[in-house]
Amino acid sequence: RKEVEQDPGPFNVPEGATVAFNCTYSNSASQSFFWYRQDCRKEPKLLMSVYSSGNEDGRFTAQLNRASQYISLLIRDSKLSDSATYLCVVRPFSGGYNKLIFGAGTRLAVHP
Amino acid sequence: NAGVTQTPKFQVLKTGQSMTLQCAQDMNHNSMYWYRQDPGMGLRLIYYSASEGTTDKGEVPNGYNVSRLNKREFSLRLESAAPSQTSVYFCASLDRNTDTQYFGPGTRLTVL
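Just so you know, the sequences run in chain order A and B. Counting from 1, one number per residue, gives the positions in the first sequence under our numbering. Counting from 1, one number per residue, gives the positions in the second sequence under our numbering.
Facing chain B, from chain A, some residues (calculated, C-beta under 10 Å):
#1 E3
#2 S32
#3 K42
#4 C88
#5 V89
#6 A104
The set of hints was computed from the structure by calculation and includes no laboratory data. Note that this is a predicted model, so its numbers are computed, not measured. Don't be surprised by glycine CBs; every beta carbon is placed ideally from N, CA and C.
Modelling step: build the complete structure from the supplied sequences, incorporating the hints.
So, in structure tokens, the structure goes:
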């Protein structure tokens with residue numbers, strides 16, 4: 001079983017739609033959680049961290065469910081520019097080197 | 001402020017050839033990382049350096065070596081390239097204050 005699993009998609013949605021991605025992780029001792037965004041043929045960039053209480057950044061909402069070991073990302077009012085691959089990222093434990101485990105990503109395509 | 005830079009951007013090697021991928025960051029970060037990204041798989045950690053003068057193996061270190069030349073630079077060497085090392089290689093550094101990894105633009109390597 002992969003440490004971090006995501007539905008690869010693609011999710012094809014029209015502009016203005018609401019779309020949600022889920023991600024599950026296997027290590028219950030995981031400490032920190034993130035969503036990174038990766039545009040086609042580009043490097044990953046941090047979209048947002050995921051906090052236990054849930055957090056929102058504009059049209060993006062992230063939720064963490066430790067009991068079920070899953071993380072979600074909700075995108076409201078999708079824009080064409082949201083088309084990208086979204087990577088679920090988990091830090092398994094606190095350590096000096098801050099190792100991260102990356103999911104394979106969920107691809108989102110927003111169409112007019 | 002260039003962030004994380006990588007050279008070269010593209011490279012084609014023949015089986016058995018050697019090469020060094022260069023990475024530099026100007027953000028004064030202590031920790032640096034080398035990942036590879038293959039289709040359908042998440043980024044996988046090859047080697048990391050928690051601080052200047054230290055390096056450690058990640059998930060997939062076989063066939064690679066690294067050098068943390070100074071705080072800014074972290075290079076990845078392939079001594080005898082194999083077709084299985086065809087991949088996109090990303091270098092990253094960690095901002096511990098914001099818990100964010102910053103990635104370079106990547107090196108697309110093909111081994112024939």
